[in-house]
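What follows is the residue order along each chain.
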Amino acid sequence: MSKGNKSNKTVRPKLAQEGLFGRLSYFSSRALANLRQNVFVSVVTVGTISLALLIASLFLLVYVNLEGMAEGWSDKVQVTAYFDREPAPLAVAALKGRVQAIPGTAKVVFVGQVEAEKRLRGRLKGQESLLEGITPEVLPASLEISLDRKHRENEAVAAYVRSLKQIQGITEVQYGEEWVKRFNSFMNLFRLMGALLGGFMTIAVLFIVSNTIKLTIYARKEELELLGLVGATRFFIKAPFLIEGVLQGAAGAVLSLVALLGCYFAFLKNAGNFLGINPVSAGLSFLPASHLAAIVCGGVLLGFIGSLTSLKRFIHV
Amino acid sequence: MIQLHNVSMSYQAETTALTDITLKIPKGDFVFLTGQSGAGKSTLLKLLYAELSPTRGQVLIDGVNLTRLSRSQIPFLRRSIGVVFQDYKLLPNRTVLENVAITLEVLGWGKRDIGKKVYHILKQMGLEDKVNSTPLRLSGGEQQRVALARALVNDPKILVADEPTGNLDDENKEQILSIFKEANIRGTTVVVATHDRRVIENSHRRVIRLEKGRILEVADVQG
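Chain order of the listed sequences is A and B. Residue numbers for the first sequence follow my numbering, so the first one is 462 and each next one is one higher. Residue numbers for the second sequence follow my numbering, so the first one is 123 and each next one is one higher.
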């Protein structure tokens with residue numbers, strides 16, 4: 462039967478839902494009315510979403526802080542290039558320029574022989590007798606190079622060192638190869654654990670939220686059935702439920718962030734300080750804005766997809 | 123016009139609800155489907171608004187073969203058929219007004235027009251002082267009239283009712299039947315499934331008697 466075969470015995474009043482805006486406004490008002498008429502069910506759904514997202518965002522906050530802290534350790538990755546003889550002052554600037562041109566260089570500091578001797582004397586303060594007979598000429602001049610974050614992996618450092626060795630005058634390069642390898646293995650393990658735990662957490666959140674939404678929709682299956690029997694199209698039945706899902710997801714996400722902020726100021730802000738793990742920032746830092754936006758979007762998506770998949774089960778038109 | 127040609131319906135391989143039913147119900151007719159429980163009355167009604175699809179045979183409404191309708195076309199068929207369900211199917215958390223308004227909301231009517239039309243039909247049903255009540259606060263007869271108002275509010279071409287007088291006292295039965303008759307006078311084809319003999323005898327309408335899924339008798343009784 463086509464749309465044109467509808468009963469038209471009476472003169473129908475002008476449709477209220479004409480146009481996209483009209484339809485959207487009808488479905489939104491229906492969704493809000495449904496939320497009001499099913500307060501308990503809505504509160505349970507929003508509560509579940511916010512609790513699930515709170516647990517996930519607490520994990521994210523701890524992970525982001527630990528990762529930041531571990532990343533800070535990588536600042537210690539430094540490459541030292543030694544010269545067989547001290548370059549002339551004019552040549553130093555040219556050499557620094559050539560090193561700076563190698564991709565991955567963050568900072569270059571020239572350490573002359575006199576400076577090297579001064580540093581050694583500083584380190585061996587109180588044991589000056591050990592330095593007898595040592596003159597600046599004995600110690601090699603060097604360039605101390607810091608690398609940017611993208612070039613601190615094993616292979617990137619090795620490639621950098623190969624490029625560095627091409628520069629004339631550089632006879633030896635040291636960069637704590639073993640330390641870099643161990644540090645990078647640790648970081649890989651840390652990220653893998655984070656991904657695994659995060660993955661489990663995501664699956665658990667999806668499972669809990671989709672089942673809660675399924676139960677709430679199950680509780681209203683008579684309404685879905687009736688709408689189908691009085692001639693509602695699938696879209697007409699689904700749209701208010703999907704808007705409800707989006708609103709519940711957004712509300713759950715915002716509530717979880719409010720709770721996270723509460724937890725942060727109550728317990729976590731100074732936790733890093735207390736544990737002595739993050740002395741630089743004197744405590745854990747809060748999630749960046751991009752992560753907060755991702756949590757809100759995640760909540761909205763959870764509500765939408767949870768409703769969509771649950772509705773499929775109960776709509777038979 | 124409603125036409126059924128050699129319609130059979132089985133729920134499972136062994137359970138046959140209807141067997142080889144052929145019948146015609148002309149436009150504007152008022153018929154009773156009767157028979158014992160399990161005779162196939164409800165199944166036959168469900169075929170008319172495409173809640174079920176026959177295992178064999180054809181069901182036609184105004185020449186449209188329902189067995190060939192796609193899922194997306196079924197809602198448009200249902201908009202021209204008012205259905206009174208045996209269990210009323212009223213939404214407990216919505217008011218009487220909202221329950222009746224559902225039919226018009228689906229059609230896309232505006233809020234103000236819905237309010238007017240729903241109030242008008244509820245007044246006809248004697249429920250004007252119950253518009254803001256929820257169904258659980260109503261008596262059985264009142265609930266039945268709300269279900270009837272929801273089925274009739276958009277002036278459907280066909281009205282289908284499954285045991286509409288089942289749990290009602292004589293006064294309420296009379297009231298419900300007179301509403302059916304009024305709808306029929308306005309041109310709506312009415313098909314009522316009932317096993318209540320008194321209702322059938324007092325109505326003087328055509329009766330289709332079913333037994334074990336087959337038509338046993340068609341008695342033309344005109345009032």
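Be aware that one or more of the hints could be misleading.
[Unchecked claim] What follows is a list of derived Cβ distance ranges for each label pair: (1) G237(B) <-> E683(A): 20 to 30 Å; (2) G659(A) <-> K238(B): 55 to 65 Å; (3) T177(B) <-> L676(A): 33 to 43 Å; (4) D292(B) <-> L485(A): 46 to 56 Å; (5) L676(A) <-> Q158(B): 35 to 45 Å; (6) T177(B) <-> A755(A): 33 to 43 Å; (7) D292(B) <-> L762(A): 53 to 63 Å; (8) K682(A) <-> G150(B): 47 to 57 Å; (9) R193(B) <-> E683(A): 30 to 40 Å; (10) F482(A) <-> E333(B): 29 to 39 Å; (11) R193(B) <-> S490(A): 21 to 31 Å; (12) Y133(B) <-> K682(A): 13 to 23 Å; (13) D292(B) <-> A680(A): 44 to 54 Å; (14) C724(A) <-> Q208(B): 51 to 61 Å.
Hints in this document: simulated from the structure, not taken from any laboratory. Given the structure is predicted, the values throughout are model-derived calculations rather than measurements. Glycine included, C-beta positions come from ideal geometry on N, C-alpha and C.
Q. Falls inside 29 to 39 Å, the C-beta gap from F482(A) to E333(B)?
A. violated, 56 Å
Q) Between D292(B) and A680(A), does the C-beta distance stay in 44 to 54 Å? A) For D292(B) and A680(A) the Cβ distance comes to about 37 Å; the hint is violated.
Q) Should the hint that K682(A) and G150(B) are 47 to 57 Å apart at their CB atoms be regarded as holding? A) violated, 36 Å
(Q) Against the range 33 to 43 Å, how does the distance between the Cβ atoms of T177(B) and A755(A) compare: consistent or not? (A) violated, 52 Å
Q) For the pair D292(B) and L762(A), does the Cβ-Cβ distance stay inside 53 to 63 Å? A) Given a distance of about 58 Å, which is inside 53 to 63 Å, the answer is holds.
**Q.** CB-CB spacing for K682(A) and Y133(B) relative to the 13 to 23 Å hint
**A.** Holds: the Cβ-Cβ distance is about 20 Å, inside 13 to 23 Å.
Q: Could you check the hint for me, namely that R193(B) and E683(A) are 30 to 40 Å apart, CB to CB?
A: This hint is violated: roughly 20 Å between Cβ atoms.
Q.
Just to be sure I understand the hint, the distance between the Cβ atoms of G237(B) and E683(A) should be within 20 to 30 Å; is that true here?
A. holds, 24 Å
Q) Does the Cβ-Cβ separation between L676(A) and Q158(B) fall within 35 to 45 Å? A) holds, 39 Å
**Q.** Cβ distance range 46 to 56 Å for D292(B) and L485(A), holds or violated
**A.** holds, 49 Å
Q. Quick one: are R193(B) and S490(A) within 21 to 31 Å, going by C-beta?
A. holds, 27 Å
(Q) Against the range 55 to 65 Å, how does the distance between the Cβ atoms of G659(A) and K238(B) compare: consistent or not? (A) holds, 56 Å
Hints 6, 8, 9, 10 and 13 from the earlier list are contradicted by this structure; the remaining hints agree with it.
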